[in-house]
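Take a look at the letters that make up each chain.
2 protein chains.
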Amino acid sequence: MSMSAARGVPGKRERLVVIGGDAAGMSAASQARRLKGPDELEIVAFERGHFTSFSACGIPYWVGGDVPERDQLIARTAEEHRARDIDLRMRTEVVEIDVAGGRVRARDVDSGAESWTSYDKLVIATGARPIRPDMPGVDAPGVHGVQTLDDGQALLDTLAHTRGRRAVVVGAGYIGVEMAEALINRGYEVTVVNRGSEPMSTLDPDMGRLVHEAMEGLGITMVDDAEVTKILTGGDGRVRAVATEDAEYPADVVVLGIGVHPETALARAAGLPLGEHGGLLTDLAMRVRGHENIWAGGDCVEVLDLVSGSERHVPLGTHANKHGQIIGTNAAGGYATFPGVVGTAVSKVCDLEIARTGLREKDARRAGLQYVTATIESTSRAGYYPGAETMTVKLLAERRTGRLLGAQIVGREGAGKRVDVAAVALTAGMTVEQMTSLDLGYAPPFSPVWDPVLVAARKATKAVMSATS
Amino acid sequence: MSMSAARGVPGKRERLVVIGGDAAGMSAASQARRLKGPDELEIVAFERGHFTSFSACGIPYWVGGDVPERDQLIARTAEEHRARDIDLRMRTEVVEIDVAGGRVRARDVDSGAESWTSYDKLVIATGARPIRPDMPGVDAPGVHGVQTLDDGQALLDTLAHTRGRRAVVVGAGYIGVEMAEALINRGYEVTVVNRGSEPMSTLDPDMGRLVHEAMEGLGITMVDDAEVTKILTGGDGRVRAVATEDAEYPADVVVLGIGVHPETALARAAGLPLGEHGGLLTDLAMRVRGHENIWAGGDCVEVLDLVSGSERHVPLGTHANKHGQIIGTNAAGGYATFPGVVGTAVSKVCDLEIARTGLREKDARRAGLQYVTATIESTSRAGYYPGAETMTVKLLAERRTGRLLGAQIVGREGAGKRVDVAAVALTAGMTVEQMTSLDLGYAPPFSPVWDPVLVAARKATKAVMSATS
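Sequences listed follow chains A and B, in order. The first sequence begins at 1 in UniProt numbering and counts up by one. The second sequence begins at 1 in UniProt numbering and counts up by one.
Quick caveat, the hints were computed from the structure, so don't treat them as lab data. Don't take each hint at face value.
Incomplete in silico selection of chain B near chain A, CB under 10 Å [to be verified]:
| no. | residue |
| --- | --- |
| 1 | Val67 |
| 2 | Val99 |
| 3 | Ala100 |
| 4 | Gly101 |
| 5 | Thr344 |
| 6 | Thr375 |
| 7 | Gly383 |
| 8 | Thr390 |
| 9 | Leu440 |
| 10 | Gly441 |
| 11 | Leu454 |
The calculated label-pair distances, taken between Cβ atoms and stated as ranges, are [to be verified]:
| no. | chain 1 | residue 1 | chain 2 | residue 2 | range |
| --- | --- | --- | --- | --- | --- |
| 12 | B | Arg13 | A | Gly217 | 45 to 53 Å |
| 13 | A | Asp225 | B | Ala467 | 52 to 60 Å |
| 14 | B | Arg34 | A | Tyr335 | 46 to 54 Å |
| 15 | A | Arg289 | B | Met465 | 23 to 31 Å |
| 16 | B | Arg34 | A | Arg289 | 38 to 46 Å |
| 17 | B | Arg105 | A | Gly217 | 57 to 65 Å |
The beta-carbon is built from N, C-alpha and C at its ideal position, and this holds for glycine as well.
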């Protein structure tokens, strides 16, 4: 990300239109407003939902009870945005982008009334929509997604009115495992049904296996290699079980945590360029390719993966916020870029921490990279210090060059954020051998004398040397 | 650190002599043994003390009761080393190095008997000695250093037999603050007397102030700007108070935590090159400069500071272990290097975490660098997530280039190890602007959507832009 001061075009008041009032869109609007006052730049933002600038990542913790109040997840209300001279129109859905005409058609969700709004500059931040499998029963009462605050409230309402305590979570990615924790915290017996061979397919299967075992240790029933074929309902029409080809899992409540797709129907209809994952394609300034005055960011775009060199869809709030900053700076006439991602993610299930960055083995193969791996076990603190917890660290390094390609960590307290060391090393293009001499913080309450990441780097260095032939 | 496989010189059995049986020395011996068997390489190690390969960094936690048993701090016993064909001679002090003759003179500490041992290769790992101020009363019963396991045992004996509960810690560096925690854990009223303007002089004073305030909040009496002039004893000869020019602080026990000097008397007498901090000077392969067959590492050497470009003395177990690995590899005919340090350190006092890396403001000035600073407050987790704790992050960036020069963090749980992100960024020579787009792990239990280090990088980027004129 690079920034420079905004340059004004004196005399003309421009209009910036933002589609989507969540992280990317409202960060863009806020940053543009910071750089240009309302006399220079009018900002109009359209949001079809009831809420703006909320933390979707926080929903599992609200559902689980760690976050008592919905409104704690709202970073900034519509009123707060309006107080900063952003003309935010809630419950208003943009239904068409007229690129040639430089205007958008918006519909009032409640009244159905439509009108056109012209723009000088446009920001597309339409986010993502949850994958909702097309199968019998998926719309039955008691089956819930967890994408929006309304979804979260509906799930909480179901939990409050359901006597049975059996929950099935469909999907074992980060939303699935976080929802498993939430439902355990609410006192449910939780079954996670997952079509992959192990949970957390964002990890290699050997590391996913550790997650499987740890989740079973938490009392969660793990069903792998199982495709859900339908959702069975009872006489009252409510969900009663989740069915796979081989089995049925009784359920009083079902949570769908299967993932999301970029929400780009509008962009597609407008002829804007989409990538192979269905997300908008932008340049490094987050401008939609080929369109000088249209930017896009957040869950509706594809981002450059700096390790593989190809585009990925990585729907995460942290990227959406960064995109918003970049877009707001550029749309206000400044200069900023987003170089790409290395693919870092952390999640937790109760006291289990799961982290990854960079490429998995299959990503490396797909990118044409040959690699070695090294997996080690170590502890979060000096072995003799109270609370030292075991963690497993796996590194991938390129064959011959030894360049770090990826890291995966599964452990307890102190495991997850250690992935940041690998994320920075990846960004810098370090070799695993260079990593062995990283000057990381050491004291017995914080780390063994060799930090687990360094122990893994040493083993990976040996693997690179052995494979150099 | 780079490594390559060891190359043997066939036919000749060489002798490697190691002076000092702690982290650097025994890591070197063990690594050399891993690469060369006893038929190729004889390894003789001399240790003047009672223990080998112990964690000096763990002593405060043993004294404080977090680590119940002394032997938990011993990573490897003398017997374990001997079982790997290392001829480890305990209670045997090397009293002379005859460089020209390729031999060392060793004395049995108990009997006084002396003998010469010749070497083909020599490792000097004599460590550091605690600074013990030359003042009246410093040797009185009840005044303790905490450098060795014997020191720790002596202090524990004093604590067990002392009825009074008033402890004075002299010095407020990392040993001082860790000992303050240990004594609080033992139920003492603790006063820390410190000649600096704030505790933790490894931080800038503005960050040290936060440590001062937090330690007072923990019930510790903090006395800054106070040079201890003498230690007062009672009628029984035991310590009764610590005196400064202005005041007396009653004490039933006194702990000296003033720091250490490189232990290089032997090396100096042998004419080996020492730096301005009194430590041995080595090349990047940890070879003593100008001596093909002598290596040195651990607390007795100076290391290259990669940020300032000059040598520093950084006595830390984590470096000593790395040095040992490098030396063992090279002494066994392999190839490995230690590039230097960026100066990372973490410590804690009860629940307060303190971390630093790179240059302080005064270090930057001394290195001829112009800089800007940025200090921010943020939280360890999403603000709405339970257990989110405040932390303060300060960054230094070079004027004009924006290159990161240093980072300091003071906070609670989750603060300390965040310094690793800055440590890796420093090693990679990143600018604070490059840091703003680092792909760090985000989920509400682990971080706000903008990690505190990124928030600080954004503010530092603005400071660099404002100062670019």
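For each hint, the structure was consulted:
{"no.": "1", "hint": "Val67", "result": "holds, 5 Å"}
{"no.": "2", "hint": "Val99", "result": "violated, 28 Å"}
{"no.": "3", "hint": "Ala100", "result": "violated, 33 Å"}
{"no.": "4", "hint": "Gly101", "result": "violated, 34 Å"}
{"no.": "5", "hint": "Thr344", "result": "holds, 5 Å"}
{"no.": "6", "hint": "Thr375", "result": "violated, 19 Å"}
{"no.": "7", "hint": "Gly383", "result": "holds, 8 Å"}
{"no.": "8", "hint": "Thr390", "result": "violated, 17 Å"}
{"no.": "9", "hint": "Leu440", "result": "holds, 5 Å"}
{"no.": "10", "hint": "Gly441", "result": "holds, 4 Å"}
{"no.": "11", "hint": "Leu454", "result": "holds, 8 Å"}
{"no.": "12", "hint": "B:Arg13 <-> A:Gly217: 45 to 53 Å", "result": "holds, 52 Å"}
{"no.": "13", "hint": "A:Asp225 <-> B:Ala467: 52 to 60 Å", "result": "holds, 58 Å"}
{"no.": "14", "hint": "B:Arg34 <-> A:Tyr335: 46 to 54 Å", "result": "holds, 53 Å"}
{"no.": "15", "hint": "A:Arg289 <-> B:Met465: 23 to 31 Å", "result": "holds, 28 Å"}
{"no.": "16", "hint": "B:Arg34 <-> A:Arg289: 38 to 46 Å", "result": "violated, 54 Å"}
{"no.": "17", "hint": "B:Arg105 <-> A:Gly217: 57 to 65 Å", "result": "holds, 58 Å"}
In terms of the numbered hints stated before, the structure departs from hints 2, 3, 4, 6, 8 and 16, listed from lowest to highest.
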